[in-house]
Structure formats: structure tokens, C-alpha cells
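Respectively, the protein sequence lines represent chains A and B. Every letter in the first sequence is one number past the one before it in my numbering, and letter 287, counting from 1, is 430. Every letter in the second sequence is one number past the one before it in my numbering, and letter 102, counting from 1, is 191.
To be clear, the hints were calculated from the coordinates, so they are not data collected in a lab. Treat the numbers as computed from the prediction; the structure is a model and nothing was measured. C-beta atoms are modelled at their ideal positions from N, C-alpha and C, and glycine is treated no differently. Some clues are possibly wrong.
Cβ-Cβ distance ranges computed for the label pairs, FRET-style [claimed, not checked]: (1) Leu-281/B - Ser-342/A: 31 to 41 Å; (2) Gly-110/B - Lys-379/A: 49 to 59 Å; (3) Tyr-428/A - Ala-133/B: 35 to 45 Å.
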Amino acid sequence: MAEFKDVPPNAPAAEKALNWIDNRFPLSKLFKEHMSEYYAPKNFNFFYFFGVLSLLVLVIQILTGIFLVMHYKPDADEAFASVEYIMRDVPWGWLIRYMHSTGASAFFVVVYLHMFRGLIYGSYRKPRELVWVFGCAIFLALMGEAFMGYLLPWGQMSYWGAQVIVNLFSAIPFIGPDLALLIRGDYVVGDATLNRFFSFHVIAVPLVLLGLVVAHIIALHEVGSNNPDGVEIKDKKDANGKPLDGIPFHPYYSVHDLMGVIGFLLVFCAIIFFAPEFGGYFLEYNNFIPADPLKTPLHIAPVWYFTPYYSMLRAITSEMMYGLILCVLVAAYLGATRANISNFLKVVVVGSAVALVLMMLSIDAKFWGVVVMGGAVVILFFLPWLDNCAVKSIRYRPDWHVWLYAIFVINFFVLGYLGIQPPSAIGERVSQLGTLFYFGFFLLMPWWSRMGETKPVPDRVNFVAH
Amino acid sequence: MSDTTVDTDKRTWLIASGCAGAVGGAAVAVPFISAFSPSERAKAAGAAVEVDISAIKPGEKLTVEWRGKPVWIMRRTPEQIEALNKVESQLADPESKRNPAELTPEYARNQARSIKPEIFVGVGICSHLGCSPSDKFQTGPQPSLPDDWQGGFFCPCHGSTFDMAGRVYKNKPAPDNLEVPPHMYLSETRLLIGEDKKA
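Bound conformation, chain A alone:
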């Protein structure tokens, strides 16, 4: 509890008003802690724009969403027509709708780049584990938000996309069919499904998202930002206890980020005005046909941001299961013979591997496809505890680490490309290899991240004044 402060009676009215508030709500204190006295490393680069940009896109989505809800009708008979009504008859409705639909794709662009930044500079490492975990939870909530939002226009892709994804849940043994029924609220995707997805999309998930964003930022401001060198700026402080390599977020980064915002808005507006469908990647062409429960479009694919995961789902065929079983057996063999653990733990490892293989043989490949797709996102949560490298930043890691990260990114793009394409024999093989690489990258990280010679990390950050 703060002491009650008084200002001189002849102080300016603004100072008096601020003092009145500060005695009742920590306004100045919050501003100092999070803005004017939040010290951020001075060597931020291009990749550090994307945190603030994802916050900007969140605001755009909420604002445009509020206006769309004023005209949209969550009813299977009216939904498609009400979206076209927004596009044609509502004044500036087309702009608000295109801002929202382009915003969805922009959200994933900035969030993927933001996550990539964290990945290469080791921003998830101690003591920033919870910053990363909250961030992964945001990513998961965002995927749910995007998936449910995509049903609302009630086009062919909305309908059949939801049909396929909800049916994924029915692959879970025992509870699956009832769970799918509970999600749909009907025996097929229909009016009930549309209504509940609307409810989740406009209120439930956004509330969770906002809470997680607050937690993400509070956790970040507690531990302080990482930087491209992965050097802790708090280790070197001046006589006043301020980090030598830190600068106040406001005004330095608030103004700096404004430049990033302007650059982003230039691209964002160009897409809204000149290519809102973005060649069928942001708004799929089949979604301009009203949902028809009796006819599946000849080619269905999710929106681009889901396709890497969709590829992994499709990669798990009954043939692939034998490959995965082999991986489990090799891992169990290595665990039993090479690992430095007690005999009891070795028995546990072998026992659980045998149980897993038995399950893999007895449950349909369809279910394991779902497990792999979910696991591809869930594994991100564990990244802080998988990385054993002596240094944080890619700058001081062995050179071949850079190549490994490059292959990881290329592999992610290849999986994304294959997820857009219709199924093919060669595509299936490539996506199977890609899936193995994706999981290998994370699951083998505890070992490969320790290998190789790291470079000396400087005491202070690299910074060239400009």
C-alpha cells in the first residue's frame, strides 16, 4: 500500500489530477514499470517488431470483429447471405470484412515470425520459460480462434473443413464419437455447430486470448527481454542500478516500433485493397460457394497457416505406422542400453515402449494422425527443457546449428506447401520424411544441442550506434 501523497496547492491542474488518480490507482507506477522505466536491450533488430505487431493485429481483429457482429447472422440459412450483405450493402462493410479476413492471415504471419525469433535467439531459455509457455498457449488459442472463425461465412470450405476437423476427434478411442457429437451439437455439422462456434469465436476464445496476452507481457516484464546476442543485460548495471545496455522502452522503442507499425500497415493495406483473396490463400475460392452438406468440393485444403500441421496429419498412414513403431523400438533400445539411468527406469522405458507399440498396432492410423498433428503444437511447449546448448543465441552456436535451423524452416515450408496440394504418392512420402524431421528436430534436441563447439559469448551486447 502506497503512502497518500499531497501536491502543492498551486500545482498545475494536470499534476493535481494525476496525483488524485495515483493515490487511488497506480497509473504512474504502471506506466513507469512497463513503459518509461522498462529497460529493453538496445540491440533489438528487425525480428523484434513482431511482438508489437501481433498486439496490433489483435486490436485490429477485435475492433473489426465488433463491427462484423453487428451485421452478421449466425444461422445456417442466413450466414452466407449475411456475409455477402456485409460485402455489398453495408457502408464500408467490404473494408471491415477484408481487414478481418486479411488480419487472420497477418496474425499468423507475425506470430510465426515472432516464434521464429524466439527460437533462434533462445528467448525461451531460463528464466523466460513461462514467457514462452504463455506464448505457446496463445498460439494454440489462436489456432482455435481461426478454425472456428473460418466456419462462420458458411461456404463450402467452411463447412467441409469443420466436418473434417470435428471428425478428427471421433478418431479418439472410446470417447471419440460422443466427443464429436458434443462439439457439433448435432449429428452433422449444422446450425447448432455454427451457433456455438460463433459464441466461442466472438467471446470465449478472445477472453482467453486477452488473459494470456496479459500473462505473456507480465511474465516478460518480470524477467526482461532477451536480445539477438542472448546476453543478460541485467548482469551489467550502472551506479543507479540501470542496465548498461538497456534503454527505456518509452520513448526509444515506442517510437522505433511505430516505424515497424507503419511498414506493416503499408503491406497490410496493399493486400486489403489490391489482393484481399491473395490468390486463394487468404480467402479460398471454394468458400464463395454456399455450404452444401450433400457435396464435397473436389479439392479441400485448410487455409495456409494450418497446412504444415495438416500435412503431418495426412502423412500418418498405416504404412507410416510401421516406421513410427520402428522409431519407438530404437528409442527404447537406446534407452535400455545407452542411457545413464537406474535399472528400474530402464524397465519403465522398455515397458512403456512395448505398451505404446501395442497401442500403435491396435488403434487406427487415423487416431495417430490426430495425435501427431496435436503433438506438433504441444511439443513447442517443452522447448525450454529440450534445449541443452551452452549458449542461447544462434550467433554463438556451432555453424552447423545454423544449417539445421535453416533446414527446419525449409521443411516447415515444404510441409505447408504439401498441405495445400491434393494427395499424391510422392507428396505422401515427402511429408512423411518431413514429419519425422520435425519431430526429430525437437525430440533429439537434448542430444544434438550439446554437440559441437560454441563460440565465445561477449560480456556486453553487440551494438553499433547510428
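Chain B: place on chain A using the hints.
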């Protein structure tokens, strides 16, 4: 109460009331979770559909909606019935033995999976992830299909193939044959979908 001792009597009641509160909270979840399940209206919407099949010519397919799903009524040609024999060895479950209770009513547990050999009635929903397969009645080589294709259905989503009786081919993502809905003939030309004599 002093700082050093704990009033155990009070603590017992605190724990007890805490538990009672937790049980109450859990009980409140029941109506909310139940509200996710299909409403009475959705349950009642599953009424049977009556169809006139006299206009379907051999080789033609009619699609009707039953419980929101596409139901196919197909009058097969003699060649198509003949083909059911030829593909037998390439099928995953030619005799409809998997999940017969849900997928194949007793009267359809035969090679043609139908009451009358020429009329096939099936739910046009792939047993993989619920897409509706497309018609591929043309025989012979064509894109996405084997060269010795005998006619049937092809799911565009993940490439599963089915023969003219909705039986799934081996090594495809779809685990099961297409569902045959309960159905019965009211007369030579009138078919009732959604109900059979047992019901």
C-alpha cells in the same frame, strides 16, 4: 486465535465447507456440459424419408438428404454388379464384417450390400473424416485411380476409393465401408430411408 496455534476444529469445518463448495461447483458444470449435446429438436429431426425410385435409370444415382447427410440411391447396371466380383480381392472388408451393427443392416450383409442386387442405398459420407466421395463410374485408367478401375467412388479429401457397393479398397485412409442406412421397400417403386421392418 494466536499466531502459533491452529484451531483444528475451525480448520475441519473450513475443509468441509471447501469440499462442499467444490462439489457444488462441479455439479453446476453438469447443465453447462449437457447444453453442448444435441437438443431435443435436433434429435427429433431424424425422421425417415420416403423416395420414389421409379425414375432412376440403370447407371444413375439419386441423392436425397436424411438426417442432414447425403443418401445415395443407385441403380446398378449388370456390368457394375458383375464388377463387384472382380474387385473382391482388393477390398479391405468385402463381406462387411467390421462394425456390422453400425454400418451394415442384416439384410445388406451380402456382396452387393443391398436388398435388391441392382439398387444400392448408402450414406455418401467417407468413413475417414466425413467428406462426401465423388462418382467415378467410368471404368479404366484415369487420374488418381488405378488402371484397372472397375467403377465406384473416390473421396477427394484423402484419396480413399470404394467399389460400386460402397466397399472400401485396401490400404486407404478410410477404415470402413460406407454406411448402409436402415431402409425398406414400401412398394416396387417407393423406398423408405431411415426405418426398416425391425423398427
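Structure-based check of all given hints:
1. One distance hint, 31 to 41 Å for the beta-carbon pair Leu-281/B and Ser-342/A, holds here, with the actual separation near 37 Å.
2. Restraint check, Gly-110/B to Lys-379/A: a C-beta distance of roughly 51 Å satisfies the suggested window 49 to 59 Å.
3. For the pair Tyr-428/A and Ala-133/B, the beta carbons lie near 37 Å from each other, so the given range of 35 to 45 Å is met.
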